[in-house]
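Trainee: Chains as they are written, first to last, in the numbering used here: chain A, 1 to 309; chain B, 1001 to 1423.
These are computed hints drawn from the structure, not numbers from a lab.
For clarity, every value in this text was computed on a predicted model and none was experimentally measured.
Keep in mind that the hints are not guaranteed to be accurate.
Said to hold, decoys possible - To be clear about the criterion: a stretch of chain B counts as covered by chain A if any three or more of its residues have a C-beta under 8 Å from a C-beta of chain A, and this derived list gives those stretches:
(1) 1194-1206
(2) 1312-1320
Stated by the list, open to error - Which residues of chain B face chain A? A partial, calculated answer using Cβ under 10 Å:
(3) 1035
(4) 1189
(5) 1270
(6) 1271
(7) 1272
(8) 1273
Glycine included, every Cβ here is placed at the ideal spot set by N, Cα and C.
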Amino acid sequence: MSNREHLNHLLGIKGLNEAQIQTIFETADTFKDLLNSQVKKTPALRDVTIANLFFENSTRTRVSFELAEKRLGADVVNFSSSSSSVKKGETLIDTVNNILSMKVDMVVMRHPAPGACQFLARHVNAQIVNAGDGTHEHPTQALLDAFSIREKLGDVAGKKVVIVGDILHSRVAISNIQCLQLLGADVMVCGPSTLIPRNIHTLGVRVSHNLMEAIEWCDVANMLRIQLERQDQRFFPSLREYSSLYGLTAKKLASLSKEITIMHPGPINRGVEISSDVADSHSSIILQQVENGVAIRMAVLFLLAQHKL
Amino acid sequence: MSRSLTIRNIRISDPNSPFHAQQCDVRIEDGLIAEISPNISTPSDQDIDGQSAWLSPGWVDPFVRIPDPGEPWKESLESASAAAQEAGFTQVLALCGRKPKSDLPETVSTVLERSRNLACQILPLALCSESGEGKELSEMHLLKQAGAHAFCDGIHASPLQSSRLKTRQYAHSLNLSVWSHPCMSGWVGEAKMHEGNVNAGLGLKGIPSMAEFVELQADLELMRYTGAPLRVLAISCKESVELIRQAKSEGLPVWASVPLLNLLETDSALEGFDECFKVLPPLRSEEDRLALWEGLKDGTIDAIVSNHHPEDIESSLVEFDYSPYGAATLPLFWPALLKANSNMDVDQLVECLHRRSRQFCGLDSLSLQVGQVAHLTLFDAQGETVVGFNSSSIAANVPYKNQAMKGRVWGTVCGGVWKGVSA
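Put together the whole structure using the sequences plus the hints.
Mentor: Here you go:
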């Protein structure tokens, strides 16, 4: 690691290597211990100011980043706008440069346009962390998902992970695929063909349109939310039909000869992609994912700010 | 007033000329080639030392967009013409105007009036439908009378088959030429790039090759039905090359062109979300790129278009999703073409820019022979061009800006008038 330049941004899983991910995990282990202690905080980033710029609605990711930043002792400023900067008449670069001129060091950005973080990194002088850019990447979600698998199953390498649902509109899927593969997992995507990019196999994943086949194969099933807000047309006839085909229920799980780990990046549409009894079952690590999100984001912010990534 | 010009010490690049590949001097008088010989002693009003560069018939770009009238700050008729001249073109066919558009005869008249004395001649294209939306017919007869050379549809048009048929029938009955742009927006939707090995990893919806070749198949059927010759602007995939090859082998009157960037780059160029490579038709796979070169080499594809589509910094410097399609390619045209070329010799390549380009456009042929109109391009393949440096184009969306590439245009003669290009 000493012979290379340190990362200045986290724009996506693409651009990371396995060693960097392991560094993030090891750092997150330390922060998770801290979070479970009485103090919960460290002044590691007390001289750092971080702006959370959310150009798209978000609850859990925004709260998770804010908590991570505050627990690292950083100064935090939040900016939310559901409409894009372009629609408001101000360019993204101007919006961000205005905020940076108030001596902000890092930017955590969620934006509806794929590539928006790359674009920003090229044109402004700050460290950028991608909190989700359209249908492109959501690297911290992928890191916390893989971290949660590692925590639950001991290791990611050699595990079979299926990602089920709306792959076409999912930044979580793309980042997860890349992250899990870097760590040695075997990845499958499952869903109706209309919600799976035609050339997804070029990312080295298996493709299935049959949920039972997929869960019989896997060790871990990551159930994605149907993102109706991103769909400009109907990709399946009804939620009822989707749920019948791809909704994970206790009955379907009971037909397996093994136990699999259930994940979901949230927010959950109970009764659509996952039934309540599955979401709340002992096989589900959905709440652990949320908890791990803070530790992973603390690790990412800390390592970037300290130029240790 | 009679005016003469001699360009000395050049190598002729024109397989149709008896002087092809010879070291010559060329004398021009009153806009016509008056003499070609190894050593011209007749005095001229102006002498140019060609320094062993190559001289070919003037290059023609079959498709350029100029947003003037309407948005001249993005590229004006004057800046576009100057940039085209610097790229080696003596004539460009241009779809001009944003507001008003070239669906009005007045726009075409204005373009002709304003571009009369520019260094590179602008031959206006006009829209075949109102506002270029592909729905209602434009006044094609009046547009032709105003000076429109040929017709095409707007970049976002996605006409119904019935509208396309009506357009072709109407135009053909008036002996007007409608050029097809087969990658239609109805297929494009929210997609921003080629559907292939790259788009899935970028989270971008893809434009399948089918979006082009299915429409091209429909165009070929419309040609068979109406009898109207077919000129296809900007093909980008291997299936389209094969369809054109098959149609030509049947003896059908079909011509096709390919955009410069599709010869140079693939969809991998978009991995960094560079808006300069967000173009229509989209950059496709390496297999497609190589098929385009094969098509160009064997004559399936006739011409190369710059597909110059200028935008200003305000439009370009935004998130990839919000940036408009198009790249300003005139400032890099010749060196980028040389860089992309792997299977044609320079004379063959340059023929695509004059003889074959003129055929595509339906222009009279020109060659480097005595008595011919003096539209000429002086160029080399070794000199250096820094992309965008000293360019007259005011567009912001120039790919490879400030990169040095091999290949230099020295100047042009348009209608007998020499204009040099500074290095």
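Trainee: Each of the hints needs a verdict: does it hold here or not?
Mentor: Hints, verified against the model:
no., hint, in the structure
1, 1194-1206, "holds (count 11)"
2, 1312-1320, "holds (count 5)"
3, 1035, "violated (55 Å)"
4, 1189, "holds (7 Å)"
5, 1270, "holds (9 Å)"
6, 1271, "holds (9 Å)"
7, 1272, "holds (6 Å)"
8, 1273, "holds (3 Å)"
The structure shown violates just one earlier hint, number 3.
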